[in-house]
Amino acid sequence: MYALNLSEDNRILSVTYEQYAAPGMPVVENIPDGDISNWKFVDRHYSYDPLPEPPTPDPTVDDIINALLGVEE
Amino acid sequence: MADKRIQDLQAASSVQTNDLFVLEQAGAAKKLTGQILINDLATYLDGHGGISNIIYAPPVSPSLDGTLTITMADETQYDVVVKNGRGISGISWATSGTSGDGQIHTGTISYNDGTTSSVQIKDGVKGNTGAQTYVYIKWSANYPQSNSDMTNSPNQYIGICATTQSTAPTSYTSYSWYQYKGAKGDTGDSITGVSQTSTSGLVDTYTVYASDTPISTFNVTNGRGIASFVQTSGTHAAGTTDIYTITYNDGDVSTISVYNGANGLGSVSTVSGIQADGNGDVPQVVSGNGAPTTATVGQTNQLYYDLNNGNMYYCAGETAGSYSWLSANASVSVDSALSSSSENPVQNKVITAKVGTASLNTTATNLSGAVNELKAAIPAPQTSGTPANLGTAARGSAITYSRSDHVHNLPSGLVPTGGNTGQVLAKSSGSDYALTWKDASSVYVGASAPSDPAVDIWLDTDEPGMSAVSSVNGETGTVVLDASDVGAMGEWALLWTNASPASSFAAQTIGIDLSGYDAVYFLLNVSNTTWGQTRRFGGVCMKGDTYTASYVNGEKSVFLREVTVSASGVAFAAGYSGTTASGGSAVPYQIYGIKGVQ
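Going down the list, the protein sequences come from chains A and B.
Using the working numbering, read the first sequence as starting at 1 and increasing by one per residue.
Using the working numbering, read the second sequence as starting at 1001 and increasing by one per residue.
Simulated from the structure, these hints should not be mistaken for lab results.
Worth double-checking, as some hints may not be accurate.
Said to hold, decoys possible - Some but not every residue of chain B turned toward chain A, in silico, with C-beta under 10 Å:
1. 1504
2. 1516
3. 1518
Said to hold, decoys possible - Which bits of chain A does chain B cover? Going by a derived footprint, with three or more residues having C-beta under 8 Å, they are:
4. 2-9
5. 12-23
6. 30-42
Claimed, not checked - Lysine to aspartate or glutamate pairs mimicking EDC-like chemistry, simulated, CA-CA at most 20 Å apart:
7. B/1543 x B/1513
8. A/40 x B/1149
9. B/1556 x B/1545
10. A/40 x A/18
11. A/40 x A/53
12. B/1438 x B/1475
13. B/1184 x A/43
14. B/1181 x A/18
15. B/1030 x B/1040
Built from N, CA and C at the ideal position, the CB exists for glycine as well.
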């Protein structure tokens, strides 16, 4: 059994085992596979709501220099 | 009324329809109403007897005038000109300019009198761009009654709002709500049967029937079985390896290797140098009546038992068919013949065993036991009288007692005589076996030197670390440490474990009752997808403090997360990889509570 730590909009922030559950945490038998932060828990049901991928960081100065010199990391 | 002359009557100014006149018509006096008179007079006064027909002649182009011909009863005709209006016979259009932006349309009107006229219609100029509209969608488990009923995840009801606002309205009244999920449908037909309807390779197809009507099919892929198992290399030779190839029914192939063990060396041929006989038995003892001779066949180390007197002999060897039998200087005899039929042939026999000049004999034996089991209950040995002297034993060899009161003197000088109670043996010199009785070492504990010269060891309590312990964890006297004593010196307890450590971990608070703890020890995970490894690092944070845990890997990348501990739990800030926030960096793994830390 697992206990879920939910955000205000019911997104799963983290999950622990039942013996470590704090009062008020929903207790469930199973948890979704993969990254649980892509799921919400509403009315005792899981709904898939993936977070947007983080934006690709801009290349650094080193990246630009390496690209100009043809250096591959 | 007196008769008056018509000229004397009052004169009428007109004829009324209801006037009455008298006339003679066809010799009869009649009355005549004014209406009849008026009608007849009108007819006669027209002069033509009335209109017999009226004929209209339409106009002849290009004239627009028509002629109305009235024919009277007396065939008198009157023509009346009817002047018609100018009508439109056709309209044609021409367009100029840009469509939708002030374009001009010119129309040419043709009239039925051959004349024309024109008219222009100008389109309006292009208008300004309309305001951008937005469509927002919200959801609700029930028909919303408040703003908090709205969610962003699909649910029973859907709310739609079309607006020009660039942000979604927060009031549920701004949305039009509709039931998204329909009512529960009717119960479907129950399944009446499932049967296999076809097969292809490893895949079997099954059809599901409802009320005997097929409604669906599904496929079942069977497991991989072995189609063949064939030796493909090797000769089974000892010490070599054979290869076998397994072919599966899905076409896949695998191989296994089998090492052939070395050949055996054959059955046992000798035991303690004695060869087996024709039956494969290796007799260790042969027997006969009388002493063995040089002709008695035997094998080296084999024993011979003289049935006549119980003497034992052993075979020393064989030379050219001559066997050497030597006395084993031992014998085993029984007071009467052994039973050849009983399972316990020595039952109730007196057995005497002699080794050299010594002998050991028993009283009548009492053997019992099940098949293949032999138990002997030998009567208690002699408990009085002087036992047989077994001679002296060499110093250092083992000596066995047969009676509890039997005292076997140790060789003189081995243990010195004398000695007092409590004394111990000690070496008196460096020579072998030089022993003496001596008092045990005495120990004195005190702050000043003992006055007794016999004291061997003095524990000076004035020396550092030598003072007596007055108490342990508040307990005096004989103190037995238990869990409560260990707990007072610092107790750890596991309070939380991340059940999905591979998941992203956003900033959050883990609710834990830390009122009974002074600090926490936490572990964080750092995963390296290149190495495929997970490293852990952690730290101790006192309650009420904030701690920043960081880890630097071999590539000089820094992973960190800030931790704040309070009486109600542990708050983890966002994880960072360098300066970039990353939920997958420094993921919390475990939290331990620590007591007794100041």
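Results of checking the hints against the structure:
1. The closest approach between the C-beta of residue 1504 of chain B and any C-beta of chain A is roughly 4 Å, which is under the 10 Å cut-off, so the hint is satisfied.
2. A cut of 10 Å between beta carbons decides the hint on residue 1516 of chain B: the least distance to chain A is about 15 Å, and the hint is violated.
3. Hint status for residue 1518 of chain B relative to chain A: violated, with the closest Cβ pair at about 20 Å, above 10 Å.
4. Proximity of the region 2-9 of chain A to chain B, defined as three or more residues with a beta carbon under 8 Å from a beta carbon of that chain, is established by the 4 residues found.
5. Here the region 12-23 of chain A counts 8 residues with a CB under 8 Å from a CB of chain B, which clears the bar of 3, and the coverage holds.
6. Residues of the region 30-42 of chain A with a Cβ under 8 Å from some Cβ of chain B number 7, which satisfies the need for three, so the listed coverage holds.
7. A threshold of 20 Å between alpha carbons decides the hint, and for residue 1543 of chain B with residue 1513 of chain B the separation of about 11 Å falls inside it, so the pair holds.
8. A distance of roughly 16 Å separates the Cα atoms of residue 40 of chain A and residue 1149 of chain B; the hinted pair therefore holds under the 20 Å criterion.
9. Of the supplied pair hints, the one linking residue 1556 of chain B and residue 1545 of chain B is violated, its CA atoms being roughly 28 Å apart against a limit of 20 Å.
10. At most 20 Å may separate the alpha-carbon atoms for a hinted pair to count; residue 40 of chain A and residue 18 of chain A meet this at roughly 19 Å.
11. For the hint linking residue 40 of chain A to residue 53 of chain A, the alpha-carbon distance of about 17 Å falls within 20 Å, and the restraint holds.
12. For the given pair, residue 1438 of chain B sits about 39 Å from residue 1475 of chain B by alpha-carbon distance, which is inconsistent with the 20 Å threshold.
13. Between the alpha carbons of residue 1184 of chain B and residue 43 of chain A the distance comes to roughly 18 Å, so the proposed pair stays at or under 20 Å and holds.
14. Note on residue 1181 of chain B and residue 18 of chain A: the hinted pairing is violated, with a Cα-Cα distance of about 34 Å set against a maximum of 20 Å.
15. For the hint pairing residue 1030 of chain B with residue 1040 of chain B, the CA-to-CA distance comes to about 16 Å; that is within 20 Å, so the pair holds.
When the structure is compared with the earlier hints, violations turn up for hints 2, 3, 9, 12, 14 and for no others.
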